[in-house]
Amino acid sequence: MKIAVVGTGYVGLVTGTCFAEMGVDVTCVDIDKTKIENLIGGVIPIYEPGLEPMVKRNVQAGRLHFTTDLRNCLDDVEVVFSAVGTPPDNDGSADLKFVLEVARTIGQNMKKYVLVVTKSTVPVGTAKKVRATIQAELDKRGLSIDFDVASNPEFLKEGDAIKDFMSPDRVVVGVESQRAEEIMTRLYRPFLLNNFRVIFMDVPSAEMTKYAANAMLATRISFMNDIANLCEIIGADVNMVRKGIGTDTRIGKKFLYPGCGYGGSCFPKDVKALIHTAKENGYTMQVIEAVERVNETQKAILFEKLQRYYNGDLKGRTIALWGLSFKPETDDMREAPSLVIIDKLLKAGCTVRVFDPIAMNECKRRIGDTVTYCKDIYETVENVDALMVVTEWKEFRLPEWNRIKNSMKTPVIFDGRNIYNPDELKTNGLEYFCIGK
-15 MKIAVVGTGY VGLVTGTCFA EMGVDVTCVD IDKTKIENLI GGVIPIYEPG
35 LEPMVKRNVQ AGRLHFTTDL RNCLDDVEVV FSAVGTPPDN DGSADLKFVL
85 EVARTIGQNM KKYVLVVTKS TVPVGTAKKV RATIQAELDK RGLSIDFDVA
135 SNPEFLKEGD AIKDFMSPDR VVVGVESQRA EEIMTRLYRP FLLNNFRVIF
185 MDVPSAEMTK YAANAMLATR ISFMNDIANL CEIIGADVNM VRKGIGTDTR
235 IGKKFLYPGC GYGGSCFPKD VKALIHTAKE NGYTMQVIEA VERVNETQKA
285 ILFEKLQRYY NGDLKGRTIA LWGLSFKPET DDMREAPSLV IIDKLLKAGC
335 TVRVFDPIAM NECKRRIGDT VTYCKDIYET VENVDALMVV TEWKEFRLPE
385 WNRIKNSMKT PVIFDGRNIY NPDELKTNGL EYFCIGK
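With this note's numbering as the guide, the letters of the sequence shown map in order to residues -15 to 421.
The hints are simulated quantities; they were obtained by calculation from the structure and are not laboratory data. There could be a bad hint or two in this list.
As the list claims (entries may be wrong) - Beta-carbon label-pair distances, calculated as ranges:
{"id": "1", "residue 1": "331", "residue 2": "163", "range": "54 to 64 Å"}
{"id": "2", "residue 1": "265", "residue 2": "27", "range": "35 to 45 Å"}
{"id": "3", "residue 1": "160", "residue 2": "291", "range": "50 to 60 Å"}
{"id": "4", "residue 1": "270", "residue 2": "73", "range": "17 to 27 Å"}
{"id": "5", "residue 1": "405", "residue 2": "228", "range": "14 to 24 Å"}
{"id": "6", "residue 1": "92", "residue 2": "228", "range": "53 to 63 Å"}
{"id": "7", "residue 1": "92", "residue 2": "233", "range": "32 to 42 Å"}
{"id": "8", "residue 1": "292", "residue 2": "26", "range": "46 to 56 Å"}
{"id": "9", "residue 1": "390", "residue 2": "85", "range": "25 to 35 Å"}
{"id": "10", "residue 1": "181", "residue 2": "331", "range": "40 to 50 Å"}
{"id": "11", "residue 1": "88", "residue 2": "233", "range": "43 to 53 Å"}
{"id": "12", "residue 1": "26", "residue 2": "415", "range": "44 to 54 Å"}
{"id": "13", "residue 1": "353", "residue 2": "378", "range": "25 to 35 Å"}
{"id": "14", "residue 1": "407", "residue 2": "17", "range": "38 to 48 Å"}
Just so you know, these numbers come straight off a predicted model, no measurement behind them. Glycine residues also receive a C-beta, built at the ideal position from the N, C-alpha and C atoms.
Make a model of the complete structure from these sequences and hints.
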């Protein structure tokens, strides 16, 4: 079976590589010539554990190819996955220009049946726009060629995407014909031989499922952050509360960890897009709008704790940050809490020292040399007035506390991910502030 995957960002590259790993002949397409040249040379544009060796292995096996020209692929492939970006506009809506440009290219060049599958996260109704765009181009050419449009939203967790794709807990597919369902069944069957978990549904429902899933997970995070903030006020321990409600099987323990806000490529964008879609249809998503407000407030919580600690006197102080990416095992800094914290610290007149195992280059690309980049966690805390822990990387979990205390000007830690034992830090002579205690 031969397929094309348009877009070699996070979703597209993982999708194409994993299909190739299962024996599918895959051509990944991107308009970025430099990116394609790098991929052919084995240079991966994103950090994802396990992805680089898998790409190289399948390129060498002749199953994974890279090109900048979608037109040359269409004669050979049966399925085209559209995994291009859908960046948010200023009003929060998803920008579909790249999605529709792929559709136009297909309509202008297809000569036989093709199944067009939207992999990008797109608002409900996008498949209709894709179909109309392809049909309009066929009409211009005076041709009548059968094609189908399907929706196959991704549910990949950054840092664990290979496992998620190769052993999915479910695959959601929206189709509009029996032919499309049969093709998608054939394509996914190797991944799900032991327990075939493809959930077929209509296309609008599949489009909505992605937004609903991310909005629910974002809701759980903001809910727990709201509870954590109240716990601090009334003297409760949010970790005990989390354990108490997480054991309820109706609730479960996942995504109930309080912290300094969610970020990344999915939750912020999808929450905004869902709110915008509702407004376009005359409805207000009251719960989801509150989720977004809580999250934006939560991103500033470590800064507010620091400000209270120093009674508002932050000018001239030096602050260390451990962690820049929005979560561990990725270099993704989209909507990362670290960006909000750094901005507030700089505006308050602070000097900022940072370290992240993976995301340093991405941070430099975004904010340049406005902060000091350090080689490890120990260099970061030299002579600082406070340490903020923003991302829960594993290598941050068991540092040499005595060495850190002796390096800091003021041995105080603000933990935005609740990864340390307060008694242990107190024993080592450090003041400790976390979320929800």
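Do the hints match the structure? See the list:
{"no.": "1", "hint": "331 / 163: 54 to 64 Å", "result": "holds, 57 Å"}
{"no.": "2", "hint": "265 / 27: 35 to 45 Å", "result": "holds, 44 Å"}
{"no.": "3", "hint": "160 / 291: 50 to 60 Å", "result": "holds, 55 Å"}
{"no.": "4", "hint": "270 / 73: 17 to 27 Å", "result": "holds, 22 Å"}
{"no.": "5", "hint": "405 / 228: 14 to 24 Å", "result": "holds, 19 Å"}
{"no.": "6", "hint": "92 / 228: 53 to 63 Å", "result": "holds, 59 Å"}
{"no.": "7", "hint": "92 / 233: 32 to 42 Å", "result": "violated, 53 Å"}
{"no.": "8", "hint": "292 / 26: 46 to 56 Å", "result": "holds, 50 Å"}
{"no.": "9", "hint": "390 / 85: 25 to 35 Å", "result": "violated, 57 Å"}
{"no.": "10", "hint": "181 / 331: 40 to 50 Å", "result": "holds, 49 Å"}
{"no.": "11", "hint": "88 / 233: 43 to 53 Å", "result": "holds, 49 Å"}
{"no.": "12", "hint": "26 / 415: 44 to 54 Å", "result": "holds, 47 Å"}
{"no.": "13", "hint": "353 / 378: 25 to 35 Å", "result": "holds, 28 Å"}
{"no.": "14", "hint": "407 / 17: 38 to 48 Å", "result": "violated, 56 Å"}
The structure shown violates the earlier hints numbered 7, 9, 14.
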